[in-house]
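Letter by letter, the sequence shown follows residues -18 to -1, 1 to 322 of mature numbering (1 follows the signal peptide of the UniProt record, and there is no 0).
Hints were generated in silico from the structure; no laboratory data involved.
This structure is a prediction, so every number in the text was calculated from the model and none was measured.
Possibly wrong hints are sitting among the right ones.
To be verified - As a list, the in silico DSSO-like pairs of lysine-lysine whose alpha-carbon atoms are at most 30 Å apart: (1) Lys215 x Lys67; (2) Lys238 x Lys77; (3) Lys57 x Lys238; (4) Lys45 x Lys21; (5) Lys274 x Lys21; (6) Lys57 x Lys67; (7) Lys94 x Lys215; (8) Lys274 x Lys30; (9) Lys30 x Lys215; (10) Lys71 x Lys238.
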Amino acid sequence: SLLALAAVAASLPPLAAGARVRATPVQQVIQMLAEMQGKAERDLEREKGVFAQYKAWADDRSKELGFEIKTTESKIEELTAFIEKAENKVASLGKAIATLNSDIGRMEQEKKEATQVRESEHAEYVQLQEDYAGSVEALEKAVQTVSAEAYDRPQAEAMLQRMSRTTPGISRVLAAFLQQGSEASGAPAVAAYDFQSDGVAQMLKDLLKQFQTQLQEVEDAEANRAHYHDLEKIHLTDGIARARADMEERSAMRGKTLAASAKAQGELTDVRQELAADQALLQDSTSTFEKKSLAFAANQEVRRGELEALGKALELISSPAVAGSYGEHVTLAQAAAAGP
């Protein structure tokens, strides 16, 4: 121990007689202890300085990591909110696209059905127009024949019967002719007139006018139906085109949103990994700092103990008692060397 140094110093042999004395062993020990004390004090301060630098670095690193963690957490919140918003938008666009697709299907079906109805109406019109046009043409010929040949009613009826076998639409004229004759047969004077050539010709002219009017009505109705169909077709065609354009636009938007969401999800995965790495690094740095702080405190305690022991040793060795003991030892040694 350091206390033993004092005893050792006191028991050291004196220098040989006549030798040049520069320092006593006690002084050498005191010098050695003083040097040890100085070195211990310097080591103590050096360790304090090193730890202070390390602590400053650790504090800066902790603050830096803390800032990075907060920034990363904010980024995660932003990405999470963006992804949620994007997913909602994708779902909304998907519903809108489905609705538009349904509307397109409905309008295409309506257009198809309208075309079928128009084709059916036109086919019916063609047949009806041919009948009425044939009736008008047949009546025009009948009027000319009756007027030129002075046919009476039986002759005119016979003529119409013959024409019905070869002329389209004449059966309708014949039916109307017979109907008019039946209605006029109740009045003798009228009936007599109708049987005459002039009466028959007038009857046919009346029928001609009637059929011309009906033909015009049929043609007007066809024109109106065709015009309405054209308008409906234009309306449906435009509606389908608008719906398709809207659906394409929404589909493109949905695709972009899906791509952006997928990119954000990839970024979110990376950012979460960065957060986990920063948190692990911060935890490791904190743990390392705590361990080094404990080690520093323990070393400081040891250094202070050493300094305290060195101080006590210096105090003890420098005391008059140790110096006197050493002086007595030297005197006895010198006397023994001189002899009787």
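Here is how each hint holds up against the structure:
A hinted pair counts as satisfied when its Cα atoms are at most 30 Å apart, and Lys215 with Lys67 does not qualify at roughly 40 Å. A C-alpha spacing of about 16 Å is found between Lys238 and Lys77, which places the hinted pair at or below 30 Å, so the restraint holds. Between the alpha carbons of Lys57 and Lys238 the distance comes to roughly 21 Å, so the proposed pair stays at or under 30 Å and holds. A C-alpha spacing of about 35 Å is found between Lys45 and Lys21, which places the hinted pair above 30 Å, so the restraint is violated.
A distance of roughly 22 Å separates the Cα atoms of Lys274 and Lys21; the hinted pair therefore holds under the 30 Å criterion. With a C-alpha separation of about 15 Å, the suggested pairing of Lys57 with Lys67 holds against the 30 Å cut-off. The straight-line distance between the Cα atoms of Lys94 and Lys215 is roughly 9 Å, inside the 30 Å bound, and the hint therefore holds. A C-alpha spacing of about 12 Å is found between Lys274 and Lys30, which places the hinted pair at or below 30 Å, so the restraint holds.
Annotation: proposed proximity of Lys30 to Lys215 is violated, straight-line Cα distance about 93 Å (limit 30 Å). Distance restraint check for Lys71 and Lys238: the Cα-Cα separation of roughly 11 Å lies within the 30 Å cut-off, and the hinted pair is therefore satisfied.
Violated hints, in rising order: 1, 4 and 9; the structure is consistent with all others.
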